[in-house]
Each structure stands twice: as structure tokens, then as C-alpha cells.
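Trainee: Those sequence lines, one after another, are chains A and B.
Numbering-wise (the working numbering), the first sequence opens with residue 1 and increments by one.
Numbering-wise (the working numbering), the second sequence opens with residue 1 and increments by one.
Think of the hints as simulated: they come from the structure by calculation, not from any bench.
Honestly, I wouldn't trust all of these hints.
Covered stretches of chain B (chain A as the covering partner; in silico rule of three or more C-beta atoms under 8 Å from a C-beta of chain A) [what the hints assert, rightly or not]:
1. 125-135
2. 145-159
3. 165-175
Examples of chain A residues lying across from chain B (beta carbon under 8 Å, computed) [as the list claims (entries may be wrong)]:
4. Pro-176
5. Pro-180
6. Tyr-225
Keep in mind that this is a model prediction, so the values were computed, not measured.
Glycine included, every Cβ here is placed at the ideal spot set by N, Cα and C.
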Amino acid sequence: MRELPGLATAAWLVARKDLAIEFRTRTAFFSAIVFALLGLTIFYFAWDATAVAAIDLAPGVLWVIFTFSGLLGLQRSFGVEQADRAMDALLAAPVDREAIYLGKALANVLFVAGVQAISLPALALFYNVPLGGVWLPLAGVAFLAAIGIVAVGTLFSAMAVNTKLAELLLPMLALPFFVPIVTAAAQTTARLLAGRPAAEAWPWLRILLGFDLVFVVACAIAFPYTLEE
Amino acid sequence: MTERLPTADAPRATSAFVDKWIIAAAVAVAAVYVRVIWFTPPEATQGLAQKIYYLHLPAALNAYIAFGVVAVMSIVYLWLRDPRVDRVAESSAEVGLLFTTVVLTTGPIWGKPIWGTWWTWDARLTLTLFLWFIYAGYIVLRGAILEPETRARYSAVLGILGALLIPFIHMSVYLFRTLHPMPIVLKPDRPSLPTEMLRTLLFSFAAFFLVYVALLRARYGLAVERTLLEEREGHSHGER
Numbered sequence: 001m002r003e004l005p006g007l008a009t010a011a012w013l014v015a016r017k018d019l020a021i022e023f024r025t026r027t028a029f030f031s032a033i034v035f036a037l038l039g040l041t042i043f044y045f046a047w048d049a050t051a052v053a054a055i056d057l058a059p060g061v062l063w064v065i066f067t068f069s070g071l072l073g074l075q076r077s078f079g080v081e082q083a084d085r086a087m088d089a090l091l092a093a094p095v096d097r098e099a100i101y102l103g104k105a106l107a108n109v110l111f112v113a114g115v116q117a118i119s120l121p122a123l124a125l126f127y128n129v130p131l132g133g134v135w136l137p138l139a140g141v142a143f144l145a146a147i148g149i150v151a152v153g154t155l156f157s158a159m160a161v162n163t164k165l166a167e168l169l170l171p172m173l174a175l176p177f178f179v180p181i182v183t184a185a186a187q188t189t190a191r192l193l194a195g196r197p198a199a200e201a202w203p204w205l206r207i208l209l210g211f212d213l214v215f216v217v218a219c220a221i222a223f224p225y226t227l228e229e
Numbered sequence: 001m002t003e004r005l006p007t008a009d010a011p012r013a014t015s016a017f018v019d020k021w022i023i024a025a026a027v028a029v030a031a032v033y034v035r036v037i038w039f040t041p042p043e044a045t046q047g048l049a050q051k052i053y054y055l056h057l058p059a060a061l062n063a064y065i066a067f068g069v070v071a072v073m074s075i076v077y078l079w080l081r082d083p084r085v086d087r088v089a090e091s092s093a094e095v096g097l098l099f100t101t102v103v104l105t106t107g108p109i110w111g112k113p114i115w116g117t118w119w120t121w122d123a124r125l126t127l128t129l130f131l132w133f134i135y136a137g138y139i140v141l142r143g144a145i146l147e148p149e150t151r152a153r154y155s156a157v158l159g160i161l162g163a164l165l166i167p168f169i170h171m172s173v174y175l176f177r178t179l180h181p182m183p184i185v186l187k188p189d190r191p192s193l194p195t196e197m198l199r200t201l202l203f204s205f206a207a208f209f210l211v212y213v214a215l216l217r218a219r220y221g222l223a224v225e226r227t228l229l230e231e232r233e234g235h236s237h238g239e240r
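Can you build the whole structure from these sequences, using the hints too?
Mentor: And the structure:
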């Protein structure tokens, strides 16, 4: 008899399955990218360039777009398991339920990070914001925020698919939870782009790190309770 | 509280809502307002506008209590799986949302004459608004699930996560205003309120706590009746 996979291996298998589906269909990723680019364009025309400098506007635009395009991916995370009751097969697999959550979350983090990797340079291009020396810390902040968004969003996605409202419910549940993440990330981004000393962004980063830590653990513990028993 | 089935030919009238707790709460609130209006001195600079404080602050404190009860009941539910515990959480969330609505309504009414604006993104205002959003989401989630056991489990998860979220929103809204240190938890010195006003405030807090308990009981009774109705419909239509 083959040995059962450990938590990390099982999580990776689940993530790989989701990424393979996404890679072969590319529907969600493609629409999230187009959505992000559209968002960048619409924001540009909602903005009076003579009144607000691009560098002041950029952090807000960026984080609103990251949040909403992230929701698009999260929406699908458990939506794909609805077809042919694939979720039942996943639950019948001899792995921990936490592993299913972590695998789903891992795939979602890669999804959101992929959207970020394309929309961040697009922002620099469209809004003429020089990312120059700050792109690396900026990417770090974006990644930390992606972890927080995904930790909560994956759990709520699992809950939302089993309700009458389905996709309508996810933003309503998740957005209040994104407030500390988006505030902290946008404030850090603003300080990075303005070339302020790193110490000024530290209190915000601490909120971001704390959120990630608390909610990754809490949501992994809570996830089994959202499954059929 | 007895869980009895209302007979079909004699449906229970809504007068069941007005029990002795509701009456006691109404009398207490009326008494508080007699004291507030006639027996408590007006504030020196704000004048009569400050009277709303005796409604605003007790409502806010009782909303915190209500949401605290939701969090505790959510944990207890996941542990004991008792539907009664879930009903308490449900009722408390709804009453808490009502109190938060009172806070968010009375605040601007006071803010307009005193601050000169209906709304400002002050840390405490923002936090209260987000409390409202979290528990509005909680109630919408409950309404979106038909199966009672799933509904109870999901809302317990949200009830716990919502409570975990509050400190993070608290920290970020305070930091948003300024990076300077602010009194975050409580003022270090004694409450700077004249004894007369403090006494009225405590009296008012007690009255509104009574309102909380009375509404919680009434809402719990409604939840029981709805469960019975769902069960009866479930039996007559067969298992769904």
C-alpha cells in the first residue's frame, strides 16, 4: 500500500490540480487580467490629471484593482468543484481537510500574484509612475497582501458556493476583511513611491504581517467546519 | 422558554412580543429620559445637543456586548452543536446591528451641530461603520442558507472571524488618521465627567442593557417559532 501524503505534499497536489485546470482553460486568469487593465483605464478617465498627481493616485488605483481582480479568482476557487460534484471526490481523498484549504489557498496566491505581476508594470506604464528602485519592496508588500486576501477569500469562497446567493455573497463577506489589508498595503505603497524612509511604513507592515499570521492560522482551523460532515 | 407548536386554527398573535421584559425595558428607558431632560444639567458648551450622548454611548456599549455574545456563542456552537446556542448568536447579532444603526444615526445628528459635518472619517466612526458591515454580512449569510445545521456552522465561522477582524480594523483606522501615538484602549485618567452626568450615563447604560436583553429574548422566541414552522413545513412537504 502506498503511503499517505503529508500535509505539505497533499496541499501541493491540490494546488497543482487547480493550477492545471487554470493553465488549460486560462479563463479566470485571462478575465482577471483584462479586468485589471480595464480598471486602470477607467480610473484614468475618472481622474483630473491637473488636480491630482499620478503618484498620489497610483496606490489607491492599484489596490482597488488588486482587490477586485483577486475576488474574480477566488470566486472560481470552489466554483470549479461544483461541477459534477467534484468536491465530494476531493473530500473522499485520504488527505487532511486543512491540506485542501492550504492547497486551494496556494493556487489562489499564485493566481493573485500573477495578476499583480502584470498589472503593476501596467500601472507604471499607463500612469507614468517610475517604479525604479522600489519595485522589489513593492512586490514584497503585494505578496504579503495577497496572502491575507487569499487566506480569508478562500474560506469565504468555500462557504459562498453553498449558499443561495453564491457569487453575490463573496464580496459582501470578504470586503470588510480586506479593509485592513488594503489600507496597510496602499499606505505602504504610497510611502514607497514617495521615497519616504522605510521606518515610516513599518507600523503598516506590522498590521499586514499580523493579519496574515492570524488569518492564515484561523482560516485553516475554521475551514473543516465549512465542509459537509 | 417553552418550545410549543402554535396550533393552525389559532395562530399566535404578535402580542407575544410584548412580554414583561419589553415593558420593563420601555419603562426604564422612559425613566432615563425623564432624568436626562429634567434632572441632568446641560453641558456647558454643547447645550442640549449633548443629551443625545445618553442614547449614543449606551447603544454603542451594548452593541459591543451584543457582538461579544455573538463571538462567544459562535465558539460554543462549534463545540456543542446546540441549535439553541446558534439562535442566541443569531438574535444577538440582529439586536447588535440594531444598536449599531442607532449609534450611526445618532452620531451624525450630534455631529452636524457640534462638528459642523454629518460624517467624518474619524477612527471611531469608521470602526463602527465596519462593525455594521461585518454583521450585516452575517445576517445576509444566514438568510442565504436554507439548511439549519449548515447555516449555524457557517455563521459560527463568520462570527468568530468577525471578532478576530475587529482589532485589525481598529489598528488600521487609528493609524490611518495619524502616525502619532493615540490613546487606543482607554483614557489613562479617570472619566472626566461630572458626577451628575456620570450617574445618568450609568443609569442609561443599565436601561439600554435591559432593552438588549428584552429584544434578545423576543428575537430568540421568534427564532424558536421559525424553527418549528420550518420543521412543520418540512414534514408536510417531505424531506427536501
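Trainee: Now, for every hint given, state plainly whether the structure supports it.
Mentor: Hints, one by one, checked against the model:
1. 125-135: holds (count 3)
2. 145-159: holds (count 8)
3. 165-175: holds (count 7)
4. Pro-176: 5 Å, holds
5. Pro-180: Status holds, d = 4 Å.
6. Tyr-225: It holds, given that the least Cβ distance between A:Tyr-225 and chain B is near 5 Å, below 8 Å.
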